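For the protein sequence lines, the chains are E and F, in the order given.
If you count the first sequence from 1, you need to add 286 to reach this note's numbering.
Position 20, counted from 1, in the second sequence is what this note's numbering calls 11; the numbers after and before it change by one each time, with no gaps.
Just so you know, these hints were derived from the structure itself, not from any lab.
Taking lysine to aspartate or glutamate pairs in the EDC-like style, the calculated list, with each CA pair at most 16 angstroms apart, reads:
1) F/Lys110 <-> F/Glu49
2) F/Lys135 <-> F/Glu65
3) F/Lys134 <-> E/Asp541
4) F/Lys105 <-> F/Glu65
5) F/Lys82 <-> E/Glu535
6) F/Lys47 <-> F/Glu86
7) F/Lys134 <-> E/Glu535
8) F/Lys135 <-> E/Asp541
9) F/Lys135 <-> F/Asp75
10) E/Lys341 <-> E/Asp389
11) E/Lys392 <-> E/Asp449
12) F/Lys82 <-> E/Glu531
13) F/Lys90 <-> E/Glu531
14) F/Lys134 <-> F/Asp75
15) F/Lys110 <-> F/Asp56
16) F/Lys135 <-> F/Asp31
17) F/Lys47 <-> F/Glu92
18) E/Lys514 <-> E/Glu466
19) E/Lys392 <-> E/Asp338
20) F/Lys90 <-> E/Glu535
21) E/Lys514 <-> E/Asp563
Note that the coordinates shown come from a computational prediction; the quantities given were computed from them, not determined experimentally.
Here are the chains, one letter per residue:
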Amino acid sequence: MVMAMMLPAMNLSAMGGYDDEEDDSVRLPYAYPTTLELSLGYAGAPYSVTGDSGKALGVMSGASFFLRFSGFFTKHVGAFIQAGVSGGEASELGYFGALNRADGNKYRYSGYGPGFEYLPMLLAGPVVRFDVGKVSFRPRVGLGITWFGIDGNSYSRIDRDADYRTAPATYFRSYYSHPENDYLVDSHYSGNDFIPAFALSPSIQVMYTLKTHCFFSLEAGYSMPFHKMTRTLYRAEAVDAYNPENFVEELYLSDRIGTWTEGPGVVADEFVGRVADSFYVNLGFGWNIGHNRNERGRYYHKY
Amino acid sequence: MKKHLFTIISILAFAFVLSGCDKDIRAPYYHDYVTYGVLDFVNESYSSVTFFVPAKGEGLPPVLDEWYMTSFYEVNSHSMLPLDCMYDYVKSPIETYGKGEAVPFYVFDTQTLKNNEWKDVVEGEMWLAVYTYTATRIIELGKKVTYPEVKTAE
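Working from the sequences, and respecting the hints, build out all of it.
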């Protein structure tokens, strides 16, 4: 009697002929050979600032977006290609908060912080999958190329207790340039000076399949464009803005009396690498493409 | 004639376009010069006066050459004349004075200059007044050189 009740279910399982009302998790693991997905999320690039009292850390924040196609050759191993863009910048509040910590809370600031951009990042690489029911874990490593831009920053500072209308300021700027041709790479001023670089981007993705052909994903990864750059740090002290050379200049420059302007600066160069490293946390959705291999019986015996 | 009409109109239209291009190419260079305001000459009297500034160290020149003609500033009664200088242009006599130096401003009745030879004006000392100001003093006076002179504490 018991055997007779189990028989219909065993036959269905062997033939892969489930109805939609049946438990999808039984047949979904390792089911589809290819996926196509769109993903959007947060991108952040950590940075450190050096001040009078030491170093402080901050994060440039922005957005990440990519389109990805993945295909699996075997049950666990596959490959993917993806194209994406991402970028962000340090908010004034965040950047000058970090700078204030690094300087020992002695100054007030005015200016803007650094930024980064990948436009675009083209990656390809291996991916492995481990499926449990409707959930799939997919570590992957992307190798490829990106055109990245890194923005310098510019700010001035005055003593915290000084009157900001009359106090002389100290001026700081940083520029990034190509180390071989000294070409300034500063997309705050021109939008097409991105330089190509080799990129490496490992990530871990968790996918949850809804029904059979649609899934949501949560992914965290780290992107590293490899390129040496020259970072030029510039510092200048304020000088008296009223500095006439003759009688006429004494008169027409008189509105500058009691004001300050930026004096001649001191420049220091340093080589830096991986200045545009960033991490991302993306939410995405996508589609499973192809025939369900479980329905065809290819992997059914694994469960 | 009719069959050549289209060709003639095309050539004329092309020439018209070219003439427009030619104007752009010959754009003048006046925008290369920058003027800046130095001071204002103010005449508070009831007759027209002319301010004159000689070049540094010369006093009133015995003979007026063309350069000195740029140094006369005629101001009508109860009027004001701004003195502008042009950056990187030919320097006028007032631009020969150095930083901190005092500059003499001669004031003449305009009619006196028109009715007399310059040589007679100089020898006869026919000026109404001479004000010798440093730039600091002129700034204190609100960047104005006024006739009659405004009496303020120095």
